[in-house]
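Next come the chains, spelled out residue by residue.
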Amino acid sequence: MIGNDIVDLGYARISKWQHPRFLDKLFTIQEQELIGQSSNKFSAIWQLWAIKEAAYKAYLQLYPSRFFNPKAFVCSALSSRTEVSYQDFSVEVQCVKDNSMIYAETIAQKPVHREILKVSPDHESQSKQIRQTLFSRMSEQLNIENECLTLRKDRSGVPHIYHQGSKLKAAISLTHHGGYAAYSITY
Amino acid sequence: MNKDELIAKLKPIIEPYIQDEAAFKNLSEDTDFVKDLKINSANLVDIILDIEDAFDIRLENEDMEQMMDVKSAMSIVKSKLEA
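If you're matching them up, the sequences are chains A and B in order.
Numbering of the first sequence is given in the numbering used here, commencing with residue 58 and proceeding in unit increments.
Numbering of the second sequence is given in the numbering used here, commencing with residue 977 and proceeding in unit increments.
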């Protein structure tokens, strides 16, 4: 399993992060304290969000389902490596950030290939761009024809790659937000 | 508030976050926020806050949990208005 999430910080500015009930909708009391203690509240909020979302995506690969309950994915800390738990499930999530984006990804047992791309904000073209980049990287790594690869999402929204119609044994996570997109894959 | 009135009030709340115009034009009870309208999950909470303010209701975590499509949003809002 693998889960990732990217936040475009420029794009996140126009969300309702300053709404009086925003924090309570997404974060536990302890997480709200971590945000309150942080020197950059805005960045802390979106780092915790990305960590929770990456953990949720990994969870779906083990337990197919769909729901929206970020508050229930509890972060133990606000750091570059954070343990997240949801009911009996727990996973470690690592984070990288710069001034314009935050990227979170669950720690996997096997090597992970990933790429963060700058994309146009249009949903359809960024979706195409990330798939094409992933396919061409996979075709190099697996020595197969790019054109034989397709991507389909299952009912939980989890992406799977098919080669000439048969499902590959790979865990994939895709993410996009504003002007950024990323994939991570482990074989 | 009947179904049509409810949809009419929800549509402008959802519109700023949609990334698929065609799906929005054909919006029905079965429309899924993420799969059909391509709304980024980071914006779901914005929609929830807007719904709370527009209808003067408060949604709990359990309410939010299933709010993945128009139908469930409508039934949750309806039950809150009747409570």
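A couple of the hints might just be wrong.
Said to hold, decoys possible - So the derived label-pair ranges between C-beta atoms look like this:
#1 A:86 x B:1042: 49 to 55 Å
#2 B:980 x A:200: 54 to 60 Å
#3 B:1047 x A:137: 36 to 42 Å
#4 B:998 x A:144: 26 to 32 Å
#5 A:221 x B:1029: 27 to 33 Å
#6 B:1005 x A:120: 23 to 29 Å
#7 B:1038 x A:202: 45 to 51 Å
Said to hold, decoys possible - Anything over 12 Å on all C-beta distances counts as not near chain A; from chain B, calculated:
#8 979
#9 988
#10 1002
#11 1006
Please keep in mind that the hints were generated in silico from the structure rather than gathered at the bench.
Note that CB positions come from ideal geometry on N, CA and C, so glycine has one too.
Structure-based check of each hint:
{"no.": "1", "hint": "A:86 x B:1042: 49 to 55 Å", "verdict": "violated (24 Å)"}
{"no.": "2", "hint": "B:980 x A:200: 54 to 60 Å", "verdict": "holds (56 Å)"}
{"no.": "3", "hint": "B:1047 x A:137: 36 to 42 Å", "verdict": "holds (40 Å)"}
{"no.": "4", "hint": "B:998 x A:144: 26 to 32 Å", "verdict": "violated (38 Å)"}
{"no.": "5", "hint": "A:221 x B:1029: 27 to 33 Å", "verdict": "violated (51 Å)"}
{"no.": "6", "hint": "B:1005 x A:120: 23 to 29 Å", "verdict": "holds (27 Å)"}
{"no.": "7", "hint": "B:1038 x A:202: 45 to 51 Å", "verdict": "holds (48 Å)"}
{"no.": "8", "hint": "979", "verdict": "holds (23 Å)"}
{"no.": "9", "hint": "988", "verdict": "holds (16 Å)"}
{"no.": "10", "hint": "1002", "verdict": "holds (16 Å)"}
{"no.": "11", "hint": "1006", "verdict": "holds (14 Å)"}
Of the numbered hints given earlier, the model fails hints 1, 4, 5; all others are met.
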